[in-house]
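So the protein lines, in turn, are chains A and B. Using the UniProt record's numbering, the first residue of the first sequence is number 1, and each one after it goes up by one. Using the UniProt record's numbering, the first residue of the second sequence is number 1, and each one after it goes up by one.
By construction, these hints were calculated from the structure, which means they are not laboratory data. Mixed in with the good hints, there may be bad ones.
If several chains are the same, the list does not tell them apart, and a pair holds so long as it fits within one copy or across any two.
In silico lysine to any residue, SDA-like type, Cα no more than 20 Å apart, as pairs [to be verified]:
| hint | residue 1 | residue 2 |
| --- | --- | --- |
| 1 | LYS330 | THR349 |
| 2 | LYS330 | PHE99 |
| 3 | LYS66 | ILE214 |
| 4 | LYS330 | GLU179 |
| 5 | LYS330 | ARG149 |
| 6 | LYS330 | GLY182 |
There are 2 protein chains.
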Amino acid sequence: MSAPTSWTLADGRELLFFDLPGHTPAPVPDRRPLPPRDPEPSELRFDRTTGQWVIIAAQRQDRTYKPPAEACPLCPGPTGLTSEVPATDYDVVVFENRFPSLAGEGNGVAGPPEADGFVAAPGVGRCEVICFSADHTGSFADLPTAHARLVVQAWRHRTADLLARPGIEQVFCFENRGEEIGVTLAHPHGQIYGYPYLTPRTAAMLAQARDHRIAHGTNLFADLLAAELADGARIVAQTEMFTAFVPFAARWPVEVHLYPNRLVHNLTELTDAELDDFAAIYRDLLGRFDRLYDAPLPYMAALHQYRDDGEQGDGYFHVELMSIKRSATKLKYLAASESAMDAFIADVTPESVAARLRAL
Amino acid sequence: MSAPTSWTLADGRELLFFDLPGHTPAPVPDRRPLPPRDPEPSELRFDRTTGQWVIIAAQRQDRTYKPPAEACPLCPGPTGLTSEVPATDYDVVVFENRFPSLAGEGNGVAGPPEADGFVAAPGVGRCEVICFSADHTGSFADLPTAHARLVVQAWRHRTADLLARPGIEQVFCFENRGEEIGVTLAHPHGQIYGYPYLTPRTAAMLAQARDHRIAHGTNLFADLLAAELADGARIVAQTEMFTAFVPFAARWPVEVHLYPNRLVHNLTELTDAELDDFAAIYRDLLGRFDRLYDAPLPYMAALHQYRDDGEQGDGYFHVELMSIKRSATKLKYLAASESAMDAFIADVTPESVAARLRAL
């Protein structure tokens, strides 16, 4: 696929157009009187009780909050005065978040600090928005095949680009969908974070995988995938190159993990054929989600990606899809057991959820 | 204080009355035709990708969900036909949850399983409900001093009782308050869990404390408390025996930690004078919470308690109070960065929150 077209927004942020074959972007100047960006919008603080970094991004309190559809900042803005995307139309665009939790370049923070006491560090990194489509009312599951594939291509481009930048340890492509989980912009979009540290959950998973490799000589995730395939009770969907299942110890009322059938670390290692297959099964899964309760399902989609190097080499690219909707009318809330103790309590058996999703 | 009065509910569950001086409970027979309890209501499953146990409690889907006030199962039920508390009145009661996530006796699961593959274990343990008051419309912050102290006494009693039971590794007293975090019963109440394993967050905190002790020879939490006192910018309230502060790396829009000024492991090690002081400052903090936005604040209150033994000996009893309310009208949702990657992003500085709470 061809390289994206780059554009610059009024406050200096980068905007990238990814186009379907035969389409050419036609951006116009962004004429909005945007305030200059804060060069240091956040800081990292180290929590000694958990050994984890926390991002303190206090300037985001005033970020755009549930604007009416006619003021949507993600719809095309042909006048250059109304939107984050100054153009008459687009297929897929990616741009830096106007209210970033992480921004700028610098050193990442690999692991705990050497100093004692209260330790903070600049919140360097990258926060991007990816608009899946110019259509305000659609969803990822509704995208035509070639369009879904274009989103995957954009994710892959951003992964390669951000992983190459100094200070970025981890690239996280994700989608939050639904007001029930706090989404403040209805327009179909996702986000891409370049974290300056290995996130706590990723670090925990890599530690498990390292221990597994030392004990068994094999890859933890590959072994889990093989075990799920051998068991079969929690398989949701399969293609030639991908497998989707509800994990044995699912935490969420609806939870599906999607693995490529061979070990890769991130999207950049997949072949074109695998990327085609990935776009198709990913979209298929999200379609099942929406049919589960005959209504758009609020969900989170998390692409777990790793570097192909020593510390992260035990990682296995996969997607974790999660929803808090435990019935057509009820939500699962993360209250004190989950939020304060990380002790998850699931209300449904993984096998029953897999059977329902498989049948849809 | 005197020992509680024990009563038995129609399905065999235990109910305990804790009374203010001069009060005597007057229970009546529980005449509800309750179905027999499931002796194995849940199972634990081990998640190899994180090294954590997950509770699968599938029978809880039908638990009581936002009943009208006149059908509240926590209000006194003098007929023995309408309530979990068959009595004309009560001060504080504790009873086993009718829809428990953990129940029964057996072996706990200390650490990861030895076996490979998919490993499950019985969900033994204990889930209790504690009603703070017979008044349906009150809150903990509204309780008279002696009544708040009685709740603390009940927590202490349950902690001692449950810690002595085989298979229970950790006793967690907590309160979820507010529909915004999924509370389905408005009546002022908390819960008490006896987990058959060390919860993941507690295990992580104890690992940090152990490393700190090995490196510095001192207690991590005591050093953090001393550092917060020396800094002062995040102190919210102090008494002779307790200190409350917003932690340096707070994760939540409103987060306050309450520590006794001397190291104890759990409520059973506090003196009567300390328990008096604890009840007073705890209630004071919850009152500040409700004054923050001039409305009842949705919150989670988590009592971090430890055994006084080798593995848990580095623990330091404290309370973590958290709210997801980031302004008078907006909630902080745990979306993909937090839920999928444990990477927390705070929208406010801990110092500004501490200053506001201190001034209230």
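Hint check:
1. In this homomeric assembly, LYS330 and THR349 come within 20 Å of each other (Cα to Cα) only inside a single copy, at 16 Å, whereas the closest approach across copies is 33 Å.
2. Taking the closest pair of Cα atoms, LYS330 and PHE99 come within 20 Å of each other only across two copies (17 Å); inside a single copy the shortest separation is 32 Å, beyond that limit.
3. Within a single copy, LYS66 and ILE214 get their C-alpha atoms no closer than 49 Å, and across copies no closer than 50 Å, so neither meets the 20 Å cut-off.
4. For the homomeric pair LYS330 and GLU179, the shortest alpha-carbon distances inside one copy (14 Å) and between copies (12 Å) are both at most 20 Å.
5. Taking the shortest Cα distances, LYS330 and ARG149 never come within 20 Å of each other, neither inside one copy (33 Å) nor across copies (35 Å).
6. For the homomeric pair LYS330 and GLY182, the shortest alpha-carbon distances inside one copy (16 Å) and between copies (9 Å) are both at most 20 Å.
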